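Sequence lines, in order, name chains A and B.
So that you can map any letter, position 82 of the first sequence is 82 in the working numbering, and since no number is skipped, the others follow by simple counting.
So that you can map any letter, position 46 of the second sequence is 1046 in the working numbering, and since no number is skipped, the others follow by simple counting.
Derived from the structure by calculation, the hints contain no laboratory data.
Remember, it's a predicted structure, so these values are computed and weren't measured experimentally.
The calculated lysine-lysine pairs, modelled on DSSO-like cross-linking and capped at a C-alpha distance of 27 Å, are:
no.: 1; chain 1: A; residue 1: Lys68; chain 2: B; residue 2: Lys1042
no.: 2; chain 1: A; residue 1: Lys57; chain 2: B; residue 2: Lys1042
no.: 3; chain 1: B; residue 1: Lys1042; chain 2: A; residue 2: Lys71
no.: 4; chain 1: B; residue 1: Lys1042; chain 2: A; residue 2: Lys42
no.: 5; chain 1: B; residue 1: Lys1103; chain 2: A; residue 2: Lys68
no.: 6; chain 1: A; residue 1: Lys22; chain 2: B; residue 2: Lys1042
no.: 7; chain 1: A; residue 1: Lys57; chain 2: B; residue 2: Lys1103
no.: 8; chain 1: A; residue 1: Lys42; chain 2: A; residue 2: Lys58
no.: 9; chain 1: B; residue 1: Lys1042; chain 2: A; residue 2: Lys111
no.: 10; chain 1: B; residue 1: Lys1103; chain 2: A; residue 2: Lys58
no.: 11; chain 1: A; residue 1: Lys42; chain 2: B; residue 2: Lys1083
no.: 12; chain 1: B; residue 1: Lys1057; chain 2: A; residue 2: Lys42
no.: 13; chain 1: B; residue 1: Lys1103; chain 2: A; residue 2: Lys22
As a plain string of letters, each chain reads:
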Amino acid sequence: GENVEQHPSTLSVQEGDSAVIKCTYSDSASNYFPWYKQELGKRPQLIIDIRSNVGEKKDQRIAVTLNKTAKHFSLHITETQPEDSAVYFCAASIYNNNDMRFGAGTRLTVKP
Amino acid sequence: EPEVTQTPSHQVTQMGQEVILRCVPISNHLYFYWYRQILGQKVEFLVSFYNNEISEKSEIFDDQFSVERPDGSNFTLKIRSTKLEDSAMYFCASSPRQGGNEKLFFGSGTQLSVL
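Construct the complete structure from the given sequences, taking the supplied hints into account.
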């Protein structure tokens, strides 16, 4: 089955700097790649997703890039703020398959 | 925004006991899921459920686990004889359409501790 690897496991940045989190996946049939943010004690919530027919998607300070050939995708957060501090999970799944596989998570800390 | 609700938020049980974790998915959603997260590890897929039957399950979801939609609103996960390694946060999720290409809405989780 699909295996998703995520790096780094922890990331600390200064407020205003950029943060990049990277994921790789194993199943070339995967075509949907969401990112979830989980604040301490709260539920995971979708922040951005990308499908395999595009290489990049942007939503304000958040962007995701996808390289299908290399089977990796990345989350980019620019101008980080303390409220960006959370655990971020990447995931991958195949259309028409309900088995979504998650990465191990990255704990992002943004220092004021 | 509508939310998935889970009860209880914390559950403590003795090894070998049965537990039932409860979830109320968002009312117009059709697909339901259970995930678990062992402390410090990744969120792991357990099972998906559609049209009153399991649509996919992972290798974790063995005979000790079962799911049920006993009425029009609840979705439950039962662990028949709990083991120490079942201790984890269990998340329920739902989606309006098939989850393979769709946003999942997660509940706030049930922290299960097996002693």
